[in-house]
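J.: Numbering (the UniProt record's numbering), first residue to last: 1 to 294.
Wrong hints could be hidden among the right ones.
Heads up, simulated SDA-like pairs for lysine to any residue below, C-alpha to C-alpha not over 20 Å straight-line [as the list claims (entries may be wrong)]:
# : residue 1 : residue 2
1 : K194      : S93
2 : K45       : E60
3 : K148      : K45
4 : K161      : D240
5 : K45       : L258
6 : K161      : G237
Everything labelled a hint here was simulated from the structure, so no lab data went into it.
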Amino acid sequence: MDFWPEFMASSWGREFVAGGFGGVAGIVSGYPLDTLRIRQQHSSKSGSAFTILRRMLAVEGPTSLYRGMGAPLASVTFQNAMVFQIYAILSRSFDSSLPLDEPPSYTGVALGGIGTGAVQSLLLTPVELIKIRLQLQQTNSGPVSLAKTILRTQGLRGIYKGLTITVLRDAPAHGLYFWTYEYFRERLHPGCRKTGDENLTTMLLAGGLAGVASWVACYPLDVVKTRLQQGHGAYHGISDCFRKSVQQEGYSVLWRGLGTAVARAFVVNGAIFAAYEVALRCFPSAHVAPGKRV
1 MDFWPEFMAS SWGREFVAGG FGGVAGIVSG YPLDTLRIRQ QHSSKSGSAF TILRRMLAVE
61 GPTSLYRGMG APLASVTFQN AMVFQIYAIL SRSFDSSLPL DEPPSYTGVA LGGIGTGAVQ
121 SLLLTPVELI KIRLQLQQTN SGPVSLAKTI LRTQGLRGIY KGLTITVLRD APAHGLYFWT
181 YEYFRERLHP GCRKTGDENL TTMLLAGGLA GVASWVACYP LDVVKTRLQQ GHGAYHGISD
241 CFRKSVQQEG YSVLWRGLGT AVARAFVVNG AIFAAYEVAL RCFPSAHVAP GKRV
């Protein structure tokens, strides 16, 4: 009976719930654009994002834009809570000599983000594999049945296909992501890294810019990851996928769908940071030491 009040009285509890709000806001706001991005990356014959959108609406209906959303939505609360908590711990651990009332250095922020990206890949790889396969299929099978099929036929190796490329993508991307967010929130609202009193506009803009920067930096790896995880068995590893993709479609294939991804990244990450910060401030006794809050 006392679990929930005690849970919400702790910083871990508040940040877990706030991270969940941020994650849900990001998934719902950006999922249609994510579906278009995946289809652009999948084949050179897909056409522009607008062409894909028009065809999907005409042939598969509006709900096709949200196909496969159950997998990331089901895991997003824990995933975002984990990301925020690990980042808070790691960014501080690289600046252990700093007093608690001072925010971590930008070096600590970047290194903490790199570590966070690497750790979260363990959770994200199966979720994204299932999501990608659902987004590319024309049927309406659910994430649970698909996951069971993969585990039954391929085991854990099948469900974790793409783990290496996910780590290579997410570790440096998260380092840049958190560094960009901290840098721009301070530029837009001087002193807010220490006081934590930035406004909603600062949260949206800094979060959006952080998302754009990280996606531009990691996008070629994301294209390779999508093709490896699509399940057709056409590639034998990262280097083979990269080589065959470039040979068949040119280097431009590594940037296909970037415009859609950048638009989505700005919307999604602005929503994530804004929802997280606003939710955190709505909880009683939700003051968090500067540098803990991302």
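J.: Against this structure, judge whether each hint is valid.
T.: Checked hints:
A distance of roughly 17 Å separates the Cα atoms of K194 and S93; the hinted pair therefore holds under the 20 Å criterion. Taken as a hint, the K45 and E60 pair is honoured in the structure, with Cα atoms around 18 Å apart against an allowance of 20 Å. Of the supplied pair hints, the one linking K148 and K45 is violated, its CA atoms being roughly 31 Å apart against a limit of 20 Å. Restraint check for K161 and D240: satisfied, since their Cα atoms lie roughly 15 Å apart, inside the 20 Å limit.
Pair hint K45 plus L258 holds up; C-alpha atoms about 16 Å apart against a cutoff of 20 Å. Proposed proximity of K161 and G237 is supported: the alpha carbons are some 10 Å apart, at most 20 Å.
In terms of the numbered hints stated before, the structure departs from hint 3 and from no other.
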